[in-house]
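> Line by line, the protein sequences are chains X and F.
Counted the way my numbering counts, the first sequence spans residues 1 to 367.
Counted the way my numbering counts, the second sequence spans residues 1001 to 1297.
Since the hints were derived computationally from the structure, they do not count as laboratory data.
Computed from a prediction, not measured in an experiment: that's the story for all the values here.
Note that beta-carbon positions come from the ideal geometry of N, C-alpha and C, so glycine has one too.
Hints may be right or wrong, so weigh each one.
Stated by the list, open to error - Reference excerpt, derived from the structure (chain F facing chain X, CB under 8 angstroms, subset only):
1) T1009
2) A1139
3) A1230
What the hints assert, rightly or not - Some chain X residues well away from chain F (every beta-carbon gap over 10 angstroms; in silico):
4) W93
5) V169
6) L281
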Amino acid sequence: MKGPAILLRIIAALVALGLAALALPLHDVVAVPVFLALVPALALIRSAKGGLIVALAALAVMAGPGLVTFAPLPDEAGTLPMLRGLLPVLLVWLLLWLAVESLAALAPASPLLRRVLAVAIPLIFGATILWLWEALVAILGVSPVILPPPSAIAARFATSLPVLWGDFVQTVVKGALSGYVMGCGAAVLAAVAVDRSTFLQRGLLPVGNFVAALPIVGIAPILVMWFGFDWQSKAAVVVVMVFFPMLVNTVEGLKASDAMQRDLMATYGAGYWQSLWKLRLPAAMPFIFNGLKICTTLALIGAIVAEFFGSPTQGMGFRISTEVGRLGLDMVWSEIAVAALAGSAFYAVVAVVEKGVTFWHPSQRGR
Amino acid sequence: MRSVLPVLTVIAAILLIWYVAAVGMNAQWARDQAARAGVEIGWSEIAVDAMRQERPVLPAPHQVALEFWRLTWTEEVEGRRGIVQSGSLSNRSLVYHALVTLSATGLGFLIGAGFGILLAIGIVHNRAMDRGVMPWAIASQTIPIVAIAPMIIVVLNSVGVSGVLPKAVIAAYLSFFPVVVGMVKGLRSPDAMQTDLLRTYNAGAMQGLGKLRFPASMPYLFASLKVGVAASLVGTIVAELPLGGAGLGTRLLAGSYYGQTIQIWATLIAAALLAAAMVGAVGMVQRVTLRRMGMAR
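Could you build all of it, start to finish, from the sequences and the hints given here?
Structural data, given as structure tokens:
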């Protein structure tokens, strides 16, 4: 470890100690010695063998007293009590960060442990953020109308599952998925159609790149006028949004096979369609999947935004805009959680299919 | 330059399809009008009528172009409230609304790109940030964040934060992640040979950043800035939807409320021109910078 890194860590430890001295005695007598012992331990013990145990112990200890410490002082107003509540929270978060850091510094020999760590570190970090959110909302007395704590959102999520499921089906399955399939399918077919003419390709690529950079969501009000309020208009918006990014990627991909490979096909006497099917489409797959992945997010955005311009009394965009009006922010955040889950799952499915289809590509090897 | 002719051909084809579609989609209205008047009309009359309806289902390209001209040049130069006669931009002109949108987008883009570069530097230099924060930065790309932009706006408004800032927050958020991801890739792009050379020079982390990593990341930075600026414009327009007042997004919603299809299309043209201008501006900075750094291709 280099000089500046150690210096930074010592400064962090000193700051944490200072905060502890300022804040902790007012709250929790049990936690103080533990914290006092842990701060320098976390900051300085970073050997691969001891590090994991120290980090895990730290996480376990934080989870206990850490949760207790942030309890706000009741019936006290003003800056001083707020500061007293705030300091331990920031301290605990700093410690959690140090724990995450010592976890990240580990390089275990076993590949299994390494994979577990690769998943666990971001999850732990996310958990610390959620905890910080919860604590800050409680201490600063943020009104639930502005920012509800994660626990309230989780409770609302759990109690309104049927509504969320209905919205999910209306927006994601009917609107986004159907539009995604139609738009991407049409774009691939169009790319194959223009593929035979370099003239068309040279014309379409700049136009397609230009259109892909435009704020296409703007046509949502027009398409809602044309196709009505139900899912058809949302699917139409999605079709238009995904078409050009997909087209550009597929056209690029169809050019990806190199001259040697095409020559080989020619020596086999393969016709246009045979070489398209056996060589150029498979070679285009990395590009096609790149487009498909970009389009997953675009599809969800299109479907949700289109609902702001008119929708049946169901759907994620509809729910978000009406619940904002009724100040039901916990419901809005639940919908956001659904959108995030749906978006990540959608992306993950495409990525898994990609892994199976383009197993030969260098970017998929060695993982 | 050899692609000028193909591009023009494709644009001409798009315009042709647009005209045919305009006639086809507006025909019903023309026929209804004729039936009400008790006359038979043929396709030639329908085609003529489809080109000059007031609220067509799909306005013809020249109608959109005329409306765009009327809402920009005519409104500002000849209109009573235009900049020539009143000294300030007319609130009916698209120039005014585009400037409002541009200011929010520009501010948000600067904030987002700045924070993105800082976070990328942190991620490259700190293992914990790399392993803890980077997965979230990548995962956040799959979350349809624009869709919740109006909510954030309404909430910020209810706290008392209004004006250009809430829109800029959305724009910043959207341009933030492309810049982070691109910049991390760029800062890591120097190969082992180059970093080894710096080590033999006994260069510290900061020197390595300033002399090797940052210059090497420029092509990646500009590529992601282009994506980011387009994304932040989308964010601003969507963020303007729930707000009254000014901005291209507000004009879109107003047009959709009152069925002013031609106005919606003219607004879309304005948004497209704005996007093209912003991406073009980033591209110009890119060309100048890369040429001066000797990296031009």
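> Take the hints in turn and mark each one as holding or not.
Against the structure, the hints come out as follows:
1. T1009: Since chain X brings a Cβ to about 5 angstroms from F:T1009, closer than 8 angstroms, the hint holds.
2. A1139: F:A1139 check passes; min Cβ-Cβ to chain X is 6 angstroms, inside 8 angstroms.
3. A1230: holds, 4 angstroms
4. W93: holds, 13 angstroms
5. V169: Given that every Cβ of chain F is farther than 10 angstroms from that of X:V169, nearest at about 16 angstroms, it holds.
6. L281: holds, 24 angstroms
Every hint from the earlier list agrees with this structure, and none is contradicted.
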